[in-house]
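For the protein sequence lines, the chains are A and B, in the order given.
Quick note on the working numbering: the first sequence kicks off at 1 and runs consecutively.
Quick note on the working numbering: the second sequence kicks off at 1 and runs consecutively.
These are calculated hints, taken from the structure and not from any lab test.
For every residue, glycine included, the Cβ atom is placed at its ideal position computed from N, Cα and C.
Hints may contain errors.
Here are some of the chain B residues that sit facing chain A, going by a computed Cβ distance under 10 Å [to be verified]:
hint, residue
1, E34
2, S63
3, S106
4, L242
5, M305
To list a few chain B residues with every Cβ distance to chain A over 10 Å, as calculated [said to hold, decoys possible]:
hint, residue
6, V21
7, R81
8, R88
9, S90
10, G139
11, V167
12, V170
13, R172
14, F226
15, D259
16, P295
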Amino acid sequence: MTVSPDHGHAIEVRGLTRRFGTFTAVDAITFDVAAGEVFGFLGANGAGKTTAIRMLIGLLAPSAGSARVAGFDVSTEAEQVKRNIGYMSQRFSLYEDLTVRENITLYGGIYGLSDGAIAERMASLVERLDLGRDLDTRVKSIPLGWKQKLAFSVAVLHDPKVVFLDEPTGGVDPITRRQFWELIYATAEQGTTVFVTTHYMDEAEYCDRVSIMVDGRIAALGTPAELKARFGGETIDDVFVRLARPGAAA
Amino acid sequence: MTRADPAVTASSLGKRYGDVVALDDVTFDVRVGELFGLIGPDGAGKTSLFRLLTTVQLPDAGSARVLGLDVVKDYRAIRSRIGYMPGRFSLYPDLSVEENLRFFASVFGTTIEAGERLIAPIYSQIAPFADRRAGALSGGMKQKLALCCALVHLPELLLLDEPTTGVDAVSRREFWDLLETLRADGLTIVASTPYMDEAMRCERVALIQHGRILDIADPRTIGARFDRPLLALRSAERLRLLRALRALPDAHSVFPFGDAVHYADARADRDGSTVAAGLQRVLAEQGIRDVQVTPIEPGIEDVFMELMQRAPAATA
Chain A
1 MTVSPDHGHA IEVRGLTRRF GTFTAVDAIT FDVAAGEVFG FLGANGAGKT TAIRMLIGLL
61 APSAGSARVA GFDVSTEAEQ VKRNIGYMSQ RFSLYEDLTV RENITLYGGI YGLSDGAIAE
121 RMASLVERLD LGRDLDTRVK SIPLGWKQKL AFSVAVLHDP KVVFLDEPTG GVDPITRRQF
181 WELIYATAEQ GTTVFVTTHY MDEAEYCDRV SIMVDGRIAA LGTPAELKAR FGGETIDDVF
241 VRLARPGAAA
Chain B
1 MTRADPAVTA SSLGKRYGDV VALDDVTFDV RVGELFGLIG PDGAGKTSLF RLLTTVQLPD
61 AGSARVLGLD VVKDYRAIRS RIGYMPGRFS LYPDLSVEEN LRFFASVFGT TIEAGERLIA
121 PIYSQIAPFA DRRAGALSGG MKQKLALCCA LVHLPELLLL DEPTTGVDAV SRREFWDLLE
181 TLRADGLTIV ASTPYMDEAM RCERVALIQH GRILDIADPR TIGARFDRPL LALRSAERLR
241 LLRALRALPD AHSVFPFGDA VHYADARADR DGSTVAAGLQ RVLAEQGIRD VQVTPIEPGI
301 EDVFMELMQR APAATA
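For reference, chain B alone in the conformation it holds in the complex (with noise of 0.2 Å):
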């Protein structure tokens, strides 16, 4: 493999488990160096393409490549080289801390010490509750530790199946700070999570929903997709905002966010202000008081609530 080379190359994969299509006619690719996030709520897929990834399971259709090799022929030389995080908490709880990291780098044939350069920085975090058996550790010091373990054979790729999910939102931005440490030193990174903010923290993202991967593309730049004029409005009498704009023939949709609601409208080549002005007035004529209405750039769950409205198999 060269450095050009992608990390992960996945060609039309295909799974289903009975008649569940868990994934249909997935393409992607990782480059070397890069902080992939698949983003998406339970149910997508996510997991299943990690364990395809990860050589735990083989595809039903299609093709995949990890590190230049064949995910079914060469399944034994990926798992040495790859580092994987499951979802569910997988380290022994009545092991302590320093023994879980002690196995996990003798069942890879290497040592706690060996893998220092790529741990110190977390394991430090951690270091004083080392003899503390793992079940007893709090849910973000739980991450660091697998984070920890998946990472003492010092693998070229970190898979980590939403590292963050049911962990509170400072543990959260600490756990990514961490992603970004280890990609700044050159650690190729595909992480799954449902929560979109965290999108931001990936250079590139799939946007995926049952089994199919809907967009992929740089959350900075994502929002140019969403091709409709977009307003953010703030009410005191919310509801009542939220129905009104619902009742209007020009509503494509209308969705709460946050203190707001972004309202997109179905006349694509209208611009935001003159769209703005209209709703004032008529929101005025209802008698909904002191609406504020603004003109925004969409964000990354605008984009993937649309995407989700267009693709066939619609929300539940």
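For reference, chain A alone in the conformation it holds in the complex (with noise of 0.2 Å):
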């Protein structure tokens, strides 16, 4: 993909660096995430990731480099990447002891989206998910399954450009997960971008291009074929295994 400074690219990354102390824990990344891509962002713990992230939404300043994230400078303008993203953690996205109307209220406020927006916005939620019954009920009585669909359609009720998805499907059964990534797949139809970890290798051949994080760099990007291909593979688990532990490989 070709860089330009100002079209199509929801997520530029320059030389984006980070380092606490003597250790660096991001080492100078350079990506673009292009309008409307899935991207599966990929490493090993301790690679780096969760840092490259919290740069990424404006909750740690770089140490050097830059990047611009739904067309705002993450270490100038930190306020309006957080307005212009959505942002999904694998437990602490929703208020456990709040109605599921009152998450949605809640977070349609903090967004700031008027009453009626939020009216609206809850009756296309409630469809598309089938919510009705669950309304009133509280979040923490709902099945996990249900709950991560619906921190998800919290994290898009504001129509972010970006979505920020951190290891979403953890712990799900194999049904569920398979329907939230058509969730995913279906908000990026509409144009939003979508930036993805996860633990689980198969789920990084369902996003169109993949990154894998090694000791803070960026070892290998491209979609999940080329990277079969350049590296040798079946499956993106095997690239990853041979780039993040070079010599474990089997």
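The two chains are supplied separately, each in an independent frame; assemble them into the complex guided by the hints.
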């Protein structure tokens, strides 16, 4: 993919670096993500993924380099970045003691949606996720699979340009996991860029492109087919093991 | 207990928490020396089952024997003979690696040295960090330390509740390699996981969902449970392919699977290559280009999803 500074890129990262003391957690990473792309951000534990994501969502200042997300600079326009993205982490996205309706209303308010817009989004969400019966149930008593679909839907309630999903499918059953990916596809089809991390290597194959981070650097980036061809492997799991732990590969 | 007796026997075990049925009529056994897997998503009942087998909680129905002992009457004797690694990191984060290990050894009235035989191959991997606080270890290292702490008193049965959840794909492989080494050494192991690919590392697996065991089988032959033609389809236009397949009148199930889509046909008696030829034709008529269709052997995840759909309380 060619690099153009102003068109078509939802995320532009140039030499992004973060040091903690003498330790370089993220070491001059450079890549672009196109609008409407589903981008898989892979790496072993400790490779620097979380630090990179925290910089991209405007929560952590870079030590060097720059990144633009949804058209805004993460260093100088962190607040605008936050308003134009959605974020879902594995466990902490919803308030467990609030009902489904209260969570949607709360997040709608935080994102600055009008009451009318919130009501409209709520109605479409209820229909899409078949949540009618559970609207007044506390989130803690709905099944995990629904919770994750709801958390995702709340993360895109304000139609963000980019949504970040940090291990969104941990622990759910294989059917729910696939239903979740179909939600992701549907969202990307409407033009939202999806930036996702996962430990399920089969899910990496669902992404348009994936990057694999090793020791703070991006060791590989391409479509799943390209990476399998380049590094020799039948699956992304093979490629991952080869890159993340050279010598450990079976 | 003789060699022929199972290491674990569960008979119609039931457990409720208020209105929630955590376990419902769970029956299975684990042979001595076996690596046995409990495969299922969060909330399936895996942790509840471990709590009953480790005598931490009492069953509401049924009974269980662990190493020939009753989990209700003989709980004291059981506790000193099993090793248990709970799902949540359960070590002392402010103690060093070595202090944690020494603590767990002393709780069981033994020493690190006495446990050496079993823990040496694992401990050697974390020994360079012996003075580091356990809380400052990486995820994979924490798991290895927790495993050492569960083994230091030389248990006869090792129970591991989701030891690899949240751990990256490489560390997961390494952890299962360790378990295989322990099993080869004669230890009986029961491990739970939500990752279907890890099932292949077990001799037998129980598939568990909504507190019930759906099936118990050898993961290498479990595909035989899937009694329909199954095909893998690949196309550059995957979303279109998915939708076109779902719309077919004979579609039984259509799921994305890595870089392919798995299609099961409702006509159970057709053979795979006949179905493949039919699909090729229909998809070509719809203008979906360059579709590859291959009949395949079902894997454990195909079987799990099929059994889930047959079970009365289907997926959320």
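inquiry  = Which constraints among the numbered hints does this structure fail? Numbers only, ascending.
reply    = The structure breaks hints 1, 2, 3, 10, 11, 12, 13, 15; every other hint is satisfied.
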